[in-house]
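Whole structure, please, built from the sequences with the hints as guidance.
From first to last, the protein sequence lines stand for chains A and B. First residue of the first sequence? That's 1 in the working numbering, and the numbers climb one at a time after it. First residue of the second sequence? That's 202 in the working numbering, and the numbers climb one at a time after it.
Among the hints, a few may not be true.
[Stated by the list, open to error] Examples of chain B residues toward chain A, derived with CB under 8 Å:
id	residue
1	Leu223
2	Leu264
3	Pro266
4	Phe267
5	Ile271
6	Val275
7	Ile350
8	Gly353
9	Phe367
10	Met374
11	Leu382
12	Gly386
13	Gly389
It should be emphasised that the hints constitute simulated quantities derived from the structure, not laboratory data. Don't be surprised by glycine CBs; every beta carbon is placed ideally from N, CA and C.
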Amino acid sequence: MKEKPAIQEFIKGLWDENPVLVQLLGLCPTLAVTVSAENGLAMGVAATFVLVCSSFLVSLLRNVIPNQVRIASYIVIIATFVTIADRFLAAYTPEISKSLGPFIPLIIVNCMILGRQEAFASKNKLGRSLLDALGMGAGFTLALLVLSSVREVLGSGTWFGMDIMWASFSTWKVMSLPPGAFLTLGCMIAAANWINRRRQT
Amino acid sequence: MNLIVVFISAALINNFVLSQFLGICPFVGVSKKMDSAFSMGIAVTFVMVIAAMVTWLIYYLVLVPFNLEILEYVSFILVIASLVQLVEMFIRKVSKPLYDALGIFLPLITTNCAILGLALYAILNEYNFLQTLAYAVGAGAGFTLALVIMAGIREELELVEVPRAFKGAAITMVIAGSLALAFMGFAGLI
Chain A
1 MKEKPAIQEF
11 IKGLWDENPV
21 LVQLLGLCPT
31 LAVTVSAENG
41 LAMGVAATFV
51 LVCSSFLVSL
61 LRNVIPNQVR
71 IASYIVIIAT
81 FVTIADRFLA
91 AYTPEISKSL
101 GPFIPLIIVN
111 CMILGRQEAF
121 ASKNKLGRSL
131 LDALGMGAGF
141 TLALLVLSSV
151 REVLGSGTWF
161 GMDIMWASFS
171 TWKVMSLPPG
181 AFLTLGCMIA
191 AANWINRRRQ
201 T
Chain B
202 MNLIVVFISA
212 ALINNFVLSQ
222 FLGICPFVGV
232 SKKMDSAFSM
242 GIAVTFVMVI
252 AAMVTWLIYY
262 LVLVPFNLEI
272 LEYVSFILVI
282 ASLVQLVEMF
292 IRKVSKPLYD
302 ALGIFLPLIT
312 TNCAILGLAL
322 YAILNEYNFL
332 QTLAYAVGAG
342 AGFTLALVIM
352 AGIREELELV
362 EVPRAFKGAA
372 ITMVIAGSLA
382 LAFMGFAGLI
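Here it is, written out as structure tokens:
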């Protein structure tokens, strides 16, 4: 296997293998929590924290964990860090913790995190796994931030709680409701496809 | 709150896929063909009902008496993972045709957030045991319904010319959006 420069592991998560737009992983929290930019950012950061910590541990233990029970071990590791993140958010940012609700514990079954452990951290050295996790987390956060910004600006005329639209702007109620999430994400995936094809030709 | 209300609200009004965004991955992944969508729906419902009962019992009989609520997530996910394994072995032993129909979907269910989400919501809403059961059956029915409708639409979609950039996941999301819009019509039901 030829060695790629390590920084490549970080960069690929941002666009080429963006977990949300290209790999379509971790869609449930993506759609559910992105009513406001603040929530989207919080979810992105929480998921990145869990991803980086579990990649760290899985990569360290990759030669210790028996192959047959690896998935179960990964899930326990992930669940532990999610519990930490959940308690932390509940203690320091109770409002965000409340509005994210059960979607914090649901980070455990976010297929993006388990997918990275299985596909990358269990096979690669510590440094690379950390870079990979950071890149994927950043890509995830970025996609969430864009999606939630679009929904918040159009749906309630605000961004991070600040009024930014003109006074006569009438809000698109549907954007804050579930259908808006599906529609916006569909358009974002289409835009990503379009840009990628443009770059190839 | 009676059981029928819990059932209907889980199946239609708060449909797991279209308004709670749980189980999106299988919803996008296995909704290409009608029969596999239906099998997946049944498999998920099956695991949901068992998992909801077991996690409820564990929460109220083990975790609460010993003040171990902090272990909620870890224990739930372990229970679900091992449960899926058990169910898989059980079905393989008991009914070969059923195993062939559901076989490949069962391992996928462990990471289906609808299962864990159901267990967490049942605790969050403080349902009693029977309500949890009705909730699980309703959520499973709603999941199957959404999956089958989606598969029906996607089978038709094969024949339509979709703009190139929208092919695949993008158009699925847009359709899911219109379905979610339609399901919002159920909101006044109760």
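Here's how the hints hold up against the structure:
no., hint, verdict
1, Leu223, "6 Å, holds"
2, Leu264, "13 Å, violated"
3, Pro266, "20 Å, violated"
4, Phe267, "16 Å, violated"
5, Ile271, "6 Å, holds"
6, Val275, "4 Å, holds"
7, Ile350, "14 Å, violated"
8, Gly353, "17 Å, violated"
9, Phe367, "5 Å, holds"
10, Met374, "3 Å, holds"
11, Leu382, "4 Å, holds"
12, Gly386, "11 Å, violated"
13, Gly389, "15 Å, violated"
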